[in-house]
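Which chain is which? The protein sequence lines are L and U, in order. Using numbering that gives the first Met the number 0, the final residue of the first sequence is 102, and nothing's skipped along the way. Using numbering that gives the first Met the number 0, the final residue of the second sequence is 231, and nothing's skipped along the way.
Read the hints as simulated data drawn from the structure, not as lab findings. One or more hints might be untrue.
[As the list claims (entries may be wrong)] Simulated restraints on C-beta separations:
1) Ala6/L x Trp141/U: 50 to 56 Å
2) Asp171/U x Pro45/L: 43 to 49 Å
3) Pro72/U x Ala16/L: 25 to 31 Å
All C-beta atoms, glycine included, are put in the ideal place defined by N, C-alpha and C.
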Amino acid sequence: MTDIDDAFLDAFEHDMAELSRRPYPEIGVATYLVAEDLTGERPALPPDPEGEALARDFAAIIEALERRNGTQTSADIARAIEVLADRTFLDVHFSSFSARPTT
Amino acid sequence: MIILPRSPKQTAAELAQGFRAGGALRLLNFHATPSTRAKEYRRQIAACAERYRGMGEGGIDAVMRGGTDDPRPVLIPILFEGFRDNYDVLLPILEEFGFRGWFFVPSHFLNVPVTRQRIFAARHNLHYGPDEYPGERIVLSWAELRDARARGHFVACHSRNHTALFADTPDDILHEEIVTSKEELEQGLGASVDTFCYLHGAEFGLNPRADRMLIAAGYRYLLSNFRIQKLQ
């Protein structure tokens, strides 16, 4: 990921707004989840470079959004994760497979 | 409306830690899947098949144990709500490319009479767009759900009436949505169900009474907006 300057953040927020305008009830939406073992039985996993990169990008973006817009909401977090997933699942934006909103 | 047990800031920090610790899972969330978008779904799934593999029942246990020997990352298509077009439109596409769908079904929706299914959907935040089955049922039949499971897809409980969780949700509502739904789904499916998800995807910790009820009912996993949590 490039440095998070104003241009990057503008583009990221633009994608957040665009994705939020999609007809969610009938499209496929890419997103990330965290698998979490509350029983404490999960063994320590080996280092995961991809997960590390995702964590770094996500944390930096949330921090930058907070500096720009103030406290983030749960919906902001969800939308930021969607944009990351949209950009990283495939070589093209995942949402490019869906027709864009017309209004 | 995503209600969290902790602040968004703390949640974001926890999620970053989870990604860092190798806990990231890729999902494709679907709800209704009308045939008018079948070509779009097929292009999406075909592109994903070049990079990812599916994961069915039992796969999440392997993920929790630290993964499998297959180097390809996992992609999980989630089919929320139990609409009939999931079975008619999306399921064949998923199977063509080797993916397993995870059906999250509000159990009572499958028992609503055909004449009231559209009304029930409208009253329970089940967004049904283009009506592809005029005069017919819009919901999965139990036979279709059993067939999907028999073909290797995964079935989970999405409450009984598509109900959200709040910190003050009364116990009788919790019982119907958590316990009765499990009984109803297992009876219709003819198999046990161990994974749950609320409308709007509340996570463990928001309502301790609900948490205790989930565990007592025998659920092992809770899917939420940001996590899949192993409970027991």
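Right, here's what the structure says about each hint:
1. Taken as a hint, the range 50 to 56 Å holds for the pair Ala6/L and Trp141/U, whose Cβ atoms sit roughly 53 Å apart.
2. For Asp171/U paired with Pro45/L, a C-beta distance near 47 Å keeps the hint of 43 to 49 Å intact.
3. Between Pro72/U and Ala16/L the beta carbons are some 28 Å apart, a value that agrees with the proposed interval 25 to 31 Å.
When held up to the earlier numbered hints, the structure conflicts with none and fits them all.
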